[in-house]
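Protein sequence lines, in the order shown, are assigned to chains U and C.
Position 217, counted from 1, in the first sequence is what my numbering calls 217; the numbers after and before it change by one each time, with no gaps.
In my numbering, each residue's number is its place in the second sequence (first place is 1) plus 1000.
Computed footprint of chain C on chain U, listed as stretches where at least three residues anywhere in the stretch have a Cβ under 8 Å from a Cβ of chain C: (1) 44-50; (2) 200-212; (3) 224-233; (4) 304-310.
Beta-carbon label-pair distances, calculated as ranges: (5) G1319(C) / N342(U): 44 to 50 Å; (6) T297(U) / A1315(C): 42 to 48 Å; (7) G228(U) / L1072(C): 35 to 41 Å; (8) E99(U) / G1319(C): 49 to 55 Å.
Interface residues of chain U toward chain C, partial, derived using beta-carbon atoms under 7 Å: (9) S40; (10) L62; (11) N72; (12) N80; (13) A216; (14) W219; (15) V244; (16) E245; (17) A249; (18) E344; (19) L355.
Because the hints were derived from the structure by calculation, they are not lab data.
In this text, all values refer to a predicted model and were calculated from it rather than measured experimentally.
Just so you know, even glycine gets a beta-carbon here, dropped at the ideal spot from N, CA and C.
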Amino acid sequence: MKRVIVFALIGLLLAGCGPGLATPTGSPEPRSVRVMTHDSFDIGEETIAVFENQYYAEVEILEAGDAGVMVNQAILSADNPLADVLYGVDNTLLSRALEADIFEPYESPLLGDIPDHLELDSQHRVLPVDYGDVCLNYDKAWFDEQGLTPPANLEDLVSPEYAGLTVVEDAASSSPGLAFLLATVGHFGETGDYTYLDYWAELVDNGVLVASDWEAAYWGHFTYGSGGEGDRPIVVSYASSPPVEVYFAEEPFEEAPTGVVVGAGSCFRQVEFVAILKGAQNRELAQAWVDFMLGTTFQEDIPLNMFMFPANQNAALAEAFARFAIVPEHPAEVDYVAIEANREAWVEAWTEVVLR
Amino acid sequence: MQDAGRCLLLASCLLPLVFLLLFYFYPLVSILTLSFAPNGRLSLIPLEKLFGTPRYLQILWFTTWQAALSTLLTVGLALPGAYLFARYDFPGKSLIQALTTIPFVLPTIVVALAFTALLGPRGLLNTGLMQLLGLDRPPLNLQHTLAIILLAHVFYNYTLVLRIVGAYWANLDPRLEEAARMLGANRWRAFREVTLPLLAPALSAAALLVFIFCFTSFGVILVLGGPRFATLEVEIYRQTIHYLNLPLAAALSVIQILFTFALMAVYTRLQARVQRPLELRSRQVTQRRPQRRREWLLVWINVGLMLALLTTPLAALVGRSLTLSATGGVSLDFYRQLFRNTRDSAFYVPPLAAVRNSVGFALATVALSVVLGLMAAAVLDNRGETGFFGKTRFLDPLFMLPLGTSAVTLGLGYIVALDEPPLNLRASPLLVVLAHTLVALPFVVRSVLPALRAIHPHLREAARVLGASPYRVWREVDLPIVARAVLVGAVFAFTISMGEFGATSLIARPERPTMPIAIYRFLGRPGAANYGQALAMSTLLMLVCTLGFIAIERFRVGEVGEF
Chain U
1 MKRVIVFALI
11 GLLLAGCGPG
21 LATPTGSPEP
31 RSVRVMTHDS
41 FDIGEETIAV
51 FENQYYAEVE
61 ILEAGDAGVM
71 VNQAILSADN
81 PLADVLYGVD
91 NTLLSRALEA
101 DIFEPYESPL
111 LGDIPDHLEL
121 DSQHRVLPVD
131 YGDVCLNYDK
141 AWFDEQGLTP
151 PANLEDLVSP
161 EYAGLTVVED
171 AASSSPGLAF
181 LLATVGHFGE
191 TGDYTYLDYW
201 AELVDNGVLV
211 ASDWEAAYWG
221 HFTYGSGGEG
231 DRPIVVSYAS
241 SPPVEVYFAE
251 EPFEEAPTGV
261 VVGAGSCFRQ
271 VEFVAILKGA
281 QNRELAQAWV
291 DFMLGTTFQE
301 DIPLNMFMFP
311 ANQNAALAEA
321 FARFAIVPEH
331 PAEVDYVAIE
341 ANREAWVEAW
351 TEVVLR
Chain C
1001 MQDAGRCLLL
1011 ASCLLPLVFL
1021 LLFYFYPLVS
1031 ILTLSFAPNG
1041 RLSLIPLEKL
1051 FGTPRYLQIL
1061 WFTTWQAALS
1071 TLLTVGLALP
1081 GAYLFARYDF
1091 PGKSLIQALT
1101 TIPFVLPTIV
1111 VALAFTALLG
1121 PRGLLNTGLM
1131 QLLGLDRPPL
1141 NLQHTLAIIL
1151 LAHVFYNYTL
1161 VLRIVGAYWA
1171 NLDPRLEEAA
1181 RMLGANRWRA
1191 FREVTLPLLA
1201 PALSAAALLV
1211 FIFCFTSFGV
1221 ILVLGGPRFA
1231 TLEVEIYRQT
1241 IHYLNLPLAA
1251 ALSVIQILFT
1261 FALMAVYTRL
1271 QARVQRPLEL
1281 RSRQVTQRRP
1291 QRRREWLLVW
1301 INVGLMLALL
1311 TTPLAALVGR
1321 SLTLSATGGV
1331 SLDFYRQLFR
1341 NTRDSAFYVP
1351 PLAAVRNSVG
1361 FALATVALSV
1371 VLGLMAAAVL
1381 DNRGETGFFG
1391 KTRFLDPLFM
1401 LPLGTSAVTL
1411 GLGYIVALDE
1421 PPLNLRASPL
1431 LVVLAHTLVA
1441 LPFVVRSVLP
1451 ALRAIHPHLR
1461 EAARVLGASP
1471 YRVWREVDLP
1481 IVARAVLVGA
1491 VFAFTISMGE
1501 FGATSLIARP
1511 ERPTMPIAIY
1521 RFLGRPGAAN
1531 YGQALAMSTL
1541 LMLVCTLGFI
1551 AIERFRVGEV
1561 GEF
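Turn these sequences into a full structure, and let the hints guide you.
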């Protein structure tokens, strides 16, 4: 009888410790820095090795879902933080994180190399690492074939010749979807004769399609991304999508196959930040990692891994990126404090107009 | 003797319960407490919204009826297949059965892409119809419709009915139906009045699983249904992730859980009424080759329909992974690219490592959920027991609850609850196995329990009278008879772990990427090479799973699994 119970217990133990699943037990390595980030984080192997060699430390990357999931996790685990450093909170989530008071201020010496307009928090609780713009992309070949001029700004999308051509993402469930909604809020405003909601009502009349997320929109509905199976030649994506298309193309391109609509106020700029979490185990090493992320070695590796622009002015852009990348000169302006305060109301109003 | 039996029962009762307590109830209660009473004080102000608008009632209503409709459709379509697989033996059977299970592991976005290729505005079906009928616009618009949600739910869940009902049906004595026919009942009456009541336990178990799956549907609703449709699960996700409105999300979670619990309570009562011990027969006796022309025709028509419904989307994916590359024609370019870390990325996932991680997690999940599931089933099958063990039926609904619980809620519960030693599991890969097991356990229990309850008590009594210990009775009577059902449960546990993405993506985890995670990584950025490699990785996932299913079905220890 006893033997059976023992076997059952051993079975359980074995089950738990299957191949390759031994749990890390005991105290962590003496020098290691834990970085919590979203699952789009990517960087060169050698870049991380540079830091590890310089500080004789190990960098542990903890992936915690998309940026929204990650910030929520960090807030809920504030008393017993999951990591020392958090990277990837952006200006759409910033004020939620700051309100929850989960970061320690750190005035890195490298902030001098970063333009002031990216530094949103004067207390240096978060430090800008990179930025990128959510913009409309269009399929160049499609517009050539139809003999149609691609749209130049947001206003164009509601005119009859662009009827039924646009796919956007759901602002309630997708981060580029929310960013694009914010661009329209910034551009058309909330008050006056013609608000962002009036614009959206016109977009709906003009046959805009709302997909759940970027993947569904780009790969499923965008004519270029879907290889011709989708029927929408205009999609909400990133200003950096054309260089990415070139970089990951199957054959070398002379020019990018997709274009970006950069008219004034038609894009929304996302700025991504790094921050030291309150209760970080090794503050000194955490600071070193933050400095490293702001330094040119890391910064120059950002474009071709994460397809964002480095925040550090001294970072040189890789050729593949510099040649095809576009930075809109006048992105729409929306204050990050206003975003957290109004996000729900804006998205609810948007849902009411667009989906019901 | 009696005491030893009790001891064994107690142990099998405790382990699954302790598991549920530690990894389900504790995290759940922690996150609910934190949500409703953030500072130790109960605050219900954020809940005003819940009762203030009809919106949430509408969501609950939609969630329920789409799940009911999906379940009816799935059962209706899969039942003929289950009959064939139960009664006939024909070439290619195990491969076909493995193929029907593949949809279960595929990420929603990949399935959505396959559906677009077939059913989209410029998909195969529409372009075919346009040519055939000489139309200049696509005649079918399934994009973002209820029809495509239902279709996808059938596509994903068909295998649940096929396997659970098929395995049970295979051991039913065909002579019962033959006797009814002999006494003058026509085919339909014999099925309705003899076979259907006998099948009821397995049929209701399968239908219940399908219903709960569709009730908590997330990806299919969002990606295929589009943003106009919302289930409770979708709303919980939005409230949590986008608004961090934890009280509202928690309230919706509780509604979802209560609903699952109520459903399970009804089901448990029903089950007690329909379940009866049977003279089960080995499938060597109940299955045969189709003989007459008509039988062959029946088999092939049905298999043809099954393949059309379930494997054309899969074939579309495989086809594209081989033909989309720039060199034209059929090529393995994307597969070769999988093996190269062209950018020297620290996050490059070697395909073999992804396979190893996925299979490692899946095998651990199978082992843990089969052991715990067998224990739980032994406790829930309480015929002839008195006292506490005669009343264990009330535990049954508990084992199903994880399936009806929002992954977002539970994921955050893990973050909040499992942060102190000895349960400091927040960043441990073990957490992935535990989360997968929580979802897989109900499948094992639901697969095994009907078979276990169908065992005639005479068999056990005979063994006991002949001097067998309770363990030996279980080992030599129960286990061989339910072995098929255990394998069905094991296949599902394997499947769930291989395909699971939602919950895993919500758990903070050190880099140990599984195949679905690698697929999402590729699809996260533009570029033809990324698209192609995502398809290649999906094909690899299908291949590994097919091999896994066939291996599990062939798994035999002695005579176990032969029945």
